[in-house]
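Student: The sequence shown begins at 4 in this note's numbering and counts up one residue at a time.
In short, the hints are calculated from the structure, not lab data.
Nothing here was measured: the structure is a model prediction, and the numbers come from that model.
Do not rely on the hints blindly, as some may be mistaken.
Derived pair list, reagent style DSSO-like, types lysine-lysine, alpha-carbon separation capped at 27 Å [stated by the list, open to error]: (1) LYS190 - LYS222; (2) LYS175 - LYS190; (3) LYS40 - LYS68.
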Amino acid sequence: MDSSEKISFALSREKPLVSLLGAGPGDPELLTVRGLKRLQNAEVVIYDDLAGTALLALCPPTADKIYVGKRCGAHSTAQEAINDLLVAHAQTGRRVVRLKGGDPFIFGRGGEEILALARAGIRCEVIPGITAASAAGAAAQIPLTHRTLSSGVLFLTGHECAKASDPLAWEKLGALGVTLCLYMGVKNLPAISGRLIGGGLSGNTPLAVISHASRPTQKVFLATVREAAEGLLEERIEAPALVIIGEVARISSAVESVLAEAATLPV
């Protein structure tokens, strides 16, 4: 969409309301209170793979549940079709919840969906969810920022934006001294890690991969950027997974060491 394009639509308070609901990382206990209320009163739920099936049990049994699975490399429903579904069901006057993993506005295509609804004159609320980076960091006990290790954090996608005029300059990112969080980055992790090293990032920089964060199937892999560049992690990682690169990744193992040492001390 051209930056000068104006979107014209009229919002009526009599029009149905759609809730774009961030489901968080998958653990139903991490859902917000407002999100729970919307699910409990939903009449139509349009949900993704990453939303977590346990959350569907919170919906009324009479609610229509429509699966539009979207996952990297396996999109079962085109985004345009999802937009059309949202508009069509909202126009019936029923309460519609668009249930999305993580947060709708962080690599969740929520921006595309609210524009599609707005063009149809349909009111939409956005209920944020715990995004994968925050959930994965918490699950692995890795702070994304730290007073002495990292003064900032970048959320990045391992896939270049389809319409990006300038691809990400990975070689420059490693020099920023901040934590890098890669969404959908497992497939391209060796190439990305190689480019970071090529830009001057030490190959010994710690790296963590957290798959299925907050779920019973959660796994945490600790390694280095060099090991990732050499493709030593690929076979061990199961999607969905988030990658954390930076000195903060050392804290996870440091915590384990301190706890192990404390366990040997006399009471």
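Student: If a hint holds in the structure, say so; if it doesn't, say that too.
Tutor: So, going through the hints one by one against the coordinates:
Simply put, LYS190 and LYS222 have alpha-carbon atoms about 17 Å apart, close enough for the 27 Å limit, and the pair holds. Taken as a hint, the LYS175 and LYS190 pair is honoured in the structure, with Cα atoms around 21 Å apart against an allowance of 27 Å. In summary, the hint linking LYS40 to LYS68 is supported, as the alpha carbons are separated by about 16 Å, within the 27 Å threshold.
Hint compliance for this structure: every hint is met.
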